[in-house]
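Based on the sequences and whatever the hints tell you, model everything.
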Amino acid sequence: MSLSDQKPDLTSIYNLEIKHAPDAGGHFGRFGGRFAAETLMQPLQEIEDAFFEAWADPAFHAERLDLLKNYVGRSTPLYHAKHLSREVGGAQIYLKREDLNHTGAHKVNNTIGQALLARRMGKKKVIAETGAGQHGVATATVAAMFNMECHIYMGREDIRRQAPNVFRMKLLGANVVPVDSGTATLKDAVNEALRVWVASCEDTYYIFGTAAGPHPFPLMVRQFHTVIGQEARAQCIEQTGRLPDVAVACVGGGSNAIGLLHPFYDDADVKLVAVEAGGHGLDGDEHAASLAAGKPGIIHGSLSYLLEDEEGQVKGTHSISAGLDYPGVGPELANMLEAGRLDLDAATDTQALDAFKLLTRCEGIIPALESSHALAAGMRIAAAMRPDQTVLINLSGRGDKDMGTVFELLGDEIEGGWK
Amino acid sequence: MSQMRLSEVFKRCKTEGRAALIGYLTAGDPDVASSHKLLARLASHVDIIEVGMPFSDPMADGPVIQAASERALASGTKIADVFAITAELRSANPELGIVLMGYANIAYAMGFETFAQKAKAAGADGVLLVDIPPEEGGICDAIFAAHGLDRILLLSPTSTDERIRLADQKGTGFIYYVSLTGITGAEMGAMDGIREKTRHIQSMTDKPVCVGFGVKTPQQVADVAAFADGVVVGSHFVSQITSHDGTDAIADALGSSALAMHQAIASGA
Chain A
1 MSLSDQKPDL TSIYNLEIKH APDAGGHFGR FGGRFAAETL MQPLQEIEDA FFEAWADPAF
61 HAERLDLLKN YVGRSTPLYH AKHLSREVGG AQIYLKREDL NHTGAHKVNN TIGQALLARR
121 MGKKKVIAET GAGQHGVATA TVAAMFNMEC HIYMGREDIR RQAPNVFRMK LLGANVVPVD
181 SGTATLKDAV NEALRVWVAS CEDTYYIFGT AAGPHPFPLM VRQFHTVIGQ EARAQCIEQT
241 GRLPDVAVAC VGGGSNAIGL LHPFYDDADV KLVAVEAGGH GLDGDEHAAS LAAGKPGIIH
301 GSLSYLLEDE EGQVKGTHSI SAGLDYPGVG PELANMLEAG RLDLDAATDT QALDAFKLLT
361 RCEGIIPALE SSHALAAGMR IAAAMRPDQT VLINLSGRGD KDMGTVFELL GDEIEGGWK
Chain B
1001 MSQMRLSEVF KRCKTEGRAA LIGYLTAGDP DVASSHKLLA RLASHVDIIE VGMPFSDPMA
1061 DGPVIQAASE RALASGTKIA DVFAITAELR SANPELGIVL MGYANIAYAM GFETFAQKAK
1121 AAGADGVLLV DIPPEEGGIC DAIFAAHGLD RILLLSPTST DERIRLADQK GTGFIYYVSL
1181 TGITGAEMGA MDGIREKTRH IQSMTDKPVC VGFGVKTPQQ VADVAAFADG VVVGSHFVSQ
1241 ITSHDGTDAI ADALGSSALA MHQAIASGA
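The listed protein sequences derive, respectively, from chains A and B.
Going left to right, the first sequence walks through residues 1 to 419 as the numbering used here numbers them.
Going left to right, the second sequence walks through residues 1001 to 1269 as the numbering used here numbers them.
Hints listed in this document are in silico derivations from the structure and should not be mistaken for laboratory results.
Treat the hints with caution; some may be incorrect.
What the hints assert, rightly or not - Simulated crosslink set (DSS-like; lysine-lysine; CA at most 25 Å straight-line):
| # | chain 1 | residue 1 | chain 2 | residue 2 |
| --- | --- | --- | --- | --- |
| 1 | B | Lys1170 | B | Lys1197 |
| 2 | A | Lys295 | A | Lys315 |
| 3 | A | Lys124 | A | Lys170 |
| 4 | B | Lys1037 | B | Lys1216 |
| 5 | B | Lys1118 | A | Lys295 |
| 6 | B | Lys1120 | B | Lys1078 |
| 7 | B | Lys1078 | A | Lys295 |
| 8 | B | Lys1078 | A | Lys315 |
| 9 | B | Lys1216 | B | Lys1197 |
As the list claims (entries may be wrong) - One-sided excerpt, in silico: chain A residues whose CB lies under 10 Å from chain B:
| # | residue |
| --- | --- |
| 10 | Glu53 |
| 11 | Gly297 |
| 12 | Asp309 |
| 13 | Gly312 |
| 14 | Val314 |
| 15 | Ile414 |
| 16 | Glu415 |
As the structure is a computational prediction, the values presented were derived from the model and not from experiment.
The beta carbon of each residue, even a glycine, is placed where N, CA and C say it ideally should be.
Right, here's the structure in full:
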């Protein structure tokens, strides 16, 4: 067996057909659209045109898929977590190992695609918002590789809790700009990036980090991330002989969720579950569960579920994980929810932390706190199922970036030897 | 009073051979009581007032108007206060044009129908929602039209001819030309370019074309008034709130600044 045979080339399973496309204005049902300031309307149209033109060009995909394979390390493994499954005592749990991507999370699937698009459009400069810093790192990484000037907007509060990622971005040559306005978290970083982009759209491309925002970002980000679900679908069939019974992903803006879940959209027997950040519990205000506790609203260029007060002012959110700490959510997930094609779940800070500990000890895999939400809910779901059933969980990122947060919360317990 | 008061305002200014002066303040900045007084003072020197509806996430605004929104919300301003301020402006100034300006979600959260009813009842003439471009007007255009509210649309330096035609078809009242690719309060660009684009837009529409973003001095007002149908001053007025102490001092500064701009328009006529 040659080395290359050990890691089969899954390129052939990637389906480039755009399924369940939004309407021409970017609407998924009553959600989505392009609720942008006039100055951005033409730049957004140019990105849309460039995206569709690129997507139809085999050369674009050849370069993109080559980078995904040889630079990012795709395909990522599908791992049967036998020890965790035994511990949970229900269905077999399979982990889609997006944590093993270069840069440590799924985010790079999208930044590779959009950076290629930016280069195609002749833009020399890229900007991005970031929450946990994973999208910022993934953007700074491709900017370094493509030799593009890079500015990352990040809330002051997130800079504090994700210090290792801030340093990584700086090492990669990016300029990290702290954002102090509003709640100094992800939503404010998006506001600031939009403001900067309005003033610089002539020479600057905005690499939007999640499947939200104005059209074409929700569609485009989804298309760049469906490699996750398309691989997982093929790998499930290869390893178990059939599709999973349930597919589970955490949701902040929704990029890893749409990437994992969308390729199963037409597999009616596969239950699709989105897990939101329950923070301190959904009964209070300290969470980030837009789909479960929000209502339709307009923010950051699209109509979707939004956590807001009765006056339409956007609420501050809370989650242990910066990457889920966002009051909005992608419009396609909102539409899937209303269409009955998505089930909702939530994990609290404590549940996510417990799942983080369990996976680390059972399987030797340290997950990102974001992904730990999907794990927490996925294990709960698996516990109520039969051992011959399967639950697919997207392990969207690795936990290295969360060491500071986890040390603050668990340091004493671990020094004393946790059980 | 005619149902479409804004067009009356522009007709009157045209008769006087001058551009209209349009002033912006955020309602509730720095607090509701002061805001009543400040808007009342501004109203005596401008033809149209844009009443800003404070929003938690003012994505298209620069630091000055962002801070205005934050002050208004921190002091407890509600949308009901915005309508009350509007109603008071209306009753004291029957000929003043009043436009409610802000972001989509404030109106969306209330429901466009309720929002339009309340806006009209308060005496507003038009609504300018920054993040509802003509393409997304399906959610509100018919409702605003049914209530006799003008829907003010924006154009910018990035707007193509196709988009200018779209704004001409879908917009009413006037067209607001954002003179720079940037956020509110930025430095104004070169006057030649602004004049050229404004004239181009004017050649494609019969609606009044007003120019704003970055207009701060009476000289700039006079320069823009030489070719535009209206001049919008926003951040400069808002910045008076932090550069003077006490409501009376702020009101005096606003009054004298607006007066100087009004005179600049009149003398340039």
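Hint by hint, here is what the structure shows:
1. B:Lys1170 with B:Lys1197: Roughly 20 Å between the alpha carbons, so the hint for Lys1170 (chain B) and Lys1197 (chain B) holds.
2. A:Lys295 with A:Lys315: 12 Å, holds
3. A:Lys124 with A:Lys170: Roughly 18 Å separates the two Cα atoms, so the pair holds.
4. B:Lys1037 with B:Lys1216: Holds, at roughly 22 Å.
5. B:Lys1118 with A:Lys295: 22 Å, holds
6. B:Lys1120 with B:Lys1078: 17 Å, holds
7. B:Lys1078 with A:Lys295: Distance ~19 Å between Lys1078 (chain B) and Lys295 (chain A) Cα, so the pair holds.
8. B:Lys1078 with A:Lys315: 15 Å, holds
9. B:Lys1216 with B:Lys1197: Within the cut-off at roughly 20 Å; holds.
10. Glu53: 18 Å, violated
11. Gly297: The hint holds - Gly297 (chain A) has a Cβ within 10 Å of chain B, the shortest such distance being about 5 Å.
12. Asp309: 8 Å, holds
13. Gly312: With a minimum Cβ separation of about 3 Å from chain B (threshold 10 Å), the hint on Gly312 (chain A) holds.
14. Val314: 4 Å, holds
15. Ile414: Constraint on Ile414 (chain A) not satisfied, violated at 39 Å.
16. Glu415: 41 Å, violated
Of the hints listed earlier, those the structure fails to meet are numbers 10, 15 and 16, in rising order.
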